[in-house]
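S.K.: Sequences and hints are given; from them, build the entire structure.
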Amino acid sequence: MLRLLVLVLLLANLGYYAWTAGHLEGLLSIPPSSREPERLQRQVRPEIVQIAPPADSPRVPSPAATSAPTPQEAPASPASPASPASALPASAVAAAPAVCLEIGPYTEAEYAGVEATVTQALQGVDWSVRRQERGGVFLVYLGKYPSREALLRRQEELRAAGIRAEEVRSSPQLEPGLSLGRFTSRDSAESRALDLANRGVRAARVITITPAAVRVQVRIPAADAALHSRLDSLAPRLLGRQASPCSADTGAST
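For the sequence shown, position 252 matches number 812 in our numbering, and the numbering has no gaps at all.
Hint data in this document are derived by calculation from the structure and do not stem from the laboratory. Source: prediction; values computed, not measured. Think of the CB as a built atom: it goes at the ideal place given N, C-alpha and C, for glycine as much as any other residue. Hints are not guaranteed to be accurate.
To be verified - Derived CB-CB ranges, DEER-like: (1) 751 to 786: 41 to 47 Å; (2) 668 to 785: 29 to 35 Å; (3) 795 to 731: 24 to 30 Å; (4) 710 to 799: 51 to 57 Å; (5) 747 to 670: 51 to 57 Å; (6) 804 to 680: 19 to 25 Å; (7) 717 to 660: 49 to 55 Å.
M.R.: See the structure below:
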């Protein structure tokens with residue numbers, strides 16, 4: 561009995577499927593279709609129908625709207641007032657100010673080796689060479705005296721005239737003799753000797769104890785950026801010396 565019931569249900573399902581699929585169209589009436597294709601065939605100008613999105617959904621721009629550049633995206637014109645090139649014309653760019661530069665220091669022997677390079681590099685430019693003595697010891701000296709007694713008499717005469725004189729020691733080639741002052745530059749020593757001569761001590765003379773080291777500096781009072789760059793490129797030929805800002809205005813120029 562159960563098998564018969566299952567068989568009846570199976571045949572009923574197959575028959576219903578064949579009817580709804582249209583396989584029994586000639587025998588039975590056509591079942592109603594949920595797709596309703598006949599309504600689609602009766603539409604007039606369906607291409608103009610647009611489905612509006614829900615009110616709370618984001619609005620998607622149309623392809624035509626996205627293809628057109630917005631005012632912010634439009635490229636700036638070369639003649640735009642905001643262009644830096646037009647805002648800063650070449651005539652408004654000021655040249656860098658000229659500055660005072662020095663090259664050195666050199667010894668006299670070193671400067672002799674670079675003098676030709678310096679002269680060639682600074683053609684047409686205002687420049688000068690400054691020499692300054694440093695590290696020397698110079699003595700304003702009276703002597704030698706025939707004996708120490710003669711030295712002591714002369715020392716007493718100078719003391720009476722208000723001139724301080726000291727006996728020279730540890731320098732056999734200058735003993736017996738008197739020192740009227742030690743100086744680190746020859747100019748200062750010669751100035752002292754001239755002052756003593758005006759006071760009646762005309763035999764005083766300047767003796768070099770330690771020769772001064774002469775420092776040579778090349779000075780360019782007004783160097784522009786191009787000249788500064790050229791001098792830097794010549795540093796290997798200038799014994800590694802590079803141009804630097806000028807120091808205090810000292811020393812004699814030649």
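S.K.: So, for every hint listed, does it hold in this structure?
M.R.: Status of the hints after comparison with the structure:
| no. | hint | verdict |
| --- | --- | --- |
| 1 | 751 to 786: 41 to 47 Å | holds, 43 Å |
| 2 | 668 to 785: 29 to 35 Å | holds, 31 Å |
| 3 | 795 to 731: 24 to 30 Å | violated, 44 Å |
| 4 | 710 to 799: 51 to 57 Å | holds, 52 Å |
| 5 | 747 to 670: 51 to 57 Å | violated, 23 Å |
| 6 | 804 to 680: 19 to 25 Å | holds, 20 Å |
| 7 | 717 to 660: 49 to 55 Å | holds, 52 Å |
Checked against the numbered hints above, the structure breaks hints 3, 5 and satisfies the rest.
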